[in-house]
Amino acid sequence: MTAQPDRLIDGFGRVIDYVRLSVTDRCDFRCVYCMAEDMEFVPRQQVLTLEEMALISRAFIGLGVKRIRLTGGEPLIRNNVQWLVEQLGQEKDLDELLLTTNGSQLPRLAENLYQAGLGRINISLDSLQPERFKRLTRTGKLTTVLKGIDSARAAGFKRIKINSVILKGRNEDEVLDLVEFCRAKELDISFIEEMPLGHIVEHDRALSFISSEDIRDTIDSRYPLTPSSDKTGGPSRYHRMQDSNIRIGFISPHSNNFCGDCNRVRVTAEGRLILCLGNEDSLDLRAITRNQPGEIAPLQSAIVSALTHKPERHHFDLHDEPSIVRFMNMTGG
Numbered sequence: 001m002t003a004q005p006d007r008l009i010d011g012f013g014r015v016i017d018y019v020r021l022s023v024t025d026r027c028d029f030r031c032v033y034c035m036a037e038d039m040e041f042v043p044r045q046q047v048l049t050l051e052e053m054a055l056i057s058r059a060f061i062g063l064g065v066k067r068i069r070l071t072g073g074e075p076l077i078r079n080n081v082q083w084l085v086e087q088l089g090q091e092k093d094l095d096e097l098l099l100t101t102n103g104s105q106l107p108r109l110a111e112n113l114y115q116a117g118l119g120r121i122n123i124s125l126d127s128l129q130p131e132r133f134k135r136l137t138r139t140g141k142l143t144t145v146l147k148g149i150d151s152a153r154a155a156g157f158k159r160i161k162i163n164s165v166i167l168k169g170r171n172e173d174e175v176l177d178l179v180e181f182c183r184a185k186e187l188d189i190s191f192i193e194e195m196p197l198g199h200i201v202e203h204d205r206a207l208s209f210i211s212s213e214d215i216r217d218t219i220d221s222r223y224p225l226t227p228s229s230d231k232t233g234g235p236s237r238y239h240r241m242q243d244s245n246i247r248i249g250f251i252s253p254h255s256n257n258f259c260g261d262c263n264r265v266r267v268t269a270e271g272r273l274i275l276c277l278g279n280e281d282s283l284d285l286r287a288i289t290r291n292q293p294g295e296i297a298p299l300q301s302a303i304v305s306a307l308t309h310k311p312e313r314h315h316f317d318l319h320d321e322p323s324i325v326r327f328m329n330m331t332g333g
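Numbered by our numbering, the letters in the sequence shown go through residues 1 to 333 in order.
Treat the hints with caution; some may be incorrect.
Label pairs and their in silico Cβ distance ranges [unchecked claim]:
#1 Asp38 to Ser221: 16 to 24 Å
#2 Asp177 to Ala297: 27 to 35 Å
#3 Asn80 to Ser301: 45 to 53 Å
With a straight-line cut-off of 25 Å between C-alpha atoms, the simulated BS3-like cross-links for lysine-lysine are [stated by the list, open to error]:
#4 Lys147 to Lys134
#5 Lys147 to Lys185
#6 Lys158 to Lys92
#7 Lys147 to Lys92
#8 Lys231 to Lys66
#9 Lys158 to Lys147
#10 Lys185 to Lys141
#11 Lys134 to Lys92
#12 Lys134 to Lys66
#13 Lys141 to Lys168
#14 Lys231 to Lys92
#15 Lys168 to Lys66
#16 Lys134 to Lys168
#17 Lys92 to Lys66
#18 Lys231 to Lys158
Simulated from the structure, these hints should not be mistaken for laboratory data.
The beta carbon of each residue, even a glycine, is placed where N, CA and C say it ideally should be.
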């Protein structure tokens, strides 16, 4: 049998060393830019078991993946997700195990996750105003998320990062407030341009779009920003302020395409290997896993072959109907 390579390289010479693994498509929030208010979720029998997720993760680690980020939906509402954290936290060839969360479950889980081996956490926070936060998330409570942030800090997590999606006419007036909040609590923050995934009726994405450049100009008017060479494995392009140690990041899928140095793929909760956020090409890892239970080699062979089809870039257009019908909760945040 042909030996598998010790690292993944796509057809454009990019080394793929980062996997974003969605542990569930379900979420306790219904954020307006992420999903519809009335959602249909994947039947539970179609979702990968935690054991299957661990196996797929180990297949990637054996191919040179150094970072795995657990995402969702909301990953921390998945029953016994701490078991998966413990399993992957023991992998010596994995440099970082990370998590993206809405923060709602951190008050009860932050300490256990830290002890289980989770490295870094990103927490979504789009408003510091309780009523506005409720409107943007539809079901979320700001006080719970703020408590979750404090719980993560108290547990010992370093370089916690806030993710904020800014929508014109909704929360762009809070950009400086969010920066002030992060400065006070010594949190990094990334501002994210809305991604056109899935059909929504709650707002017009073209009208609500605000560019990273506009947000950067707003921050720069109070806190002059200097571009930084800092990298955290993802698409954020960071800036620094002279009087603070925190980093201000910008994720700009529209205004400043970040595909040239893409180093990542995604695995959905139902086991689809998504090669590109903005394309539908995928590989069914669940079928391989269930046809040959416990076997890593078939997974690795299929992953290596799939990488030859990873496209050079995505093509998002705010003025057209979304070409990607899956919502972000299906893809993994």
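Here's how the hints hold up against the structure:
Under the hint 16 to 24 Å, the C-beta atoms of Asp38 and Ser221, about 40 Å apart, miss the expected range. A hinted range of 27 to 35 Å is violated for the C-beta pair Asp177 and Ala297, which are about 52 Å apart. At roughly 30 Å, the beta carbons of Asn80 and Ser301 sit outside the given window of 45 to 53 Å. At roughly 16 Å between alpha-carbon atoms, Lys147 and Lys134 fall within 25 Å of each other, so this suggested pair holds.
Restraint check: the Cα-Cα separation between Lys147 and Lys185 comes to about 12 Å, which is no more than 25 Å; the hinted pair holds. The straight-line distance between the Cα atoms of Lys158 and Lys92 is roughly 20 Å, inside the 25 Å bound, and the hint therefore holds. A C-alpha spacing of about 32 Å is found between Lys147 and Lys92, which places the hinted pair above 25 Å, so the restraint is violated. Straight-line distance between C-alpha atoms of Lys231 and Lys66 comes to about 14 Å, which keeps the hinted pair within the 25 Å bound.
At roughly 17 Å between alpha-carbon atoms, Lys158 and Lys147 fall within 25 Å of each other, so this suggested pair holds. Taking the CA atoms of Lys185 and Lys141, the gap is near 20 Å; set against the 25 Å cutoff, the hint holds. Taking the CA atoms of Lys134 and Lys92, the gap is about 41 Å. The hint is violated against a cut of 25 Å. For the suggested pair Lys134 and Lys66, the alpha carbons sit about 36 Å apart, so the restraint of at most 25 Å is broken.
Restraint check for Lys141 and Lys168: the C-alpha separation of about 22 Å stays at or below 25 Å, so the hint holds. Of the supplied pair hints, the one linking Lys231 and Lys92 holds, its CA atoms being roughly 22 Å apart against a limit of 25 Å. For the proposed pair Lys168 and Lys66, the alpha carbon gap of about 36 Å is over 25 Å, so the pair is violated. This hinted pair checks out: Lys134 and Lys168 have alpha carbons roughly 17 Å apart, not beyond 25 Å.
Simply put, Lys92 and Lys66 have alpha-carbon atoms about 10 Å apart, close enough for the 25 Å limit, and the pair holds. At most 25 Å may separate the alpha-carbon atoms for a hinted pair to count; Lys231 and Lys158 meet this at roughly 15 Å.
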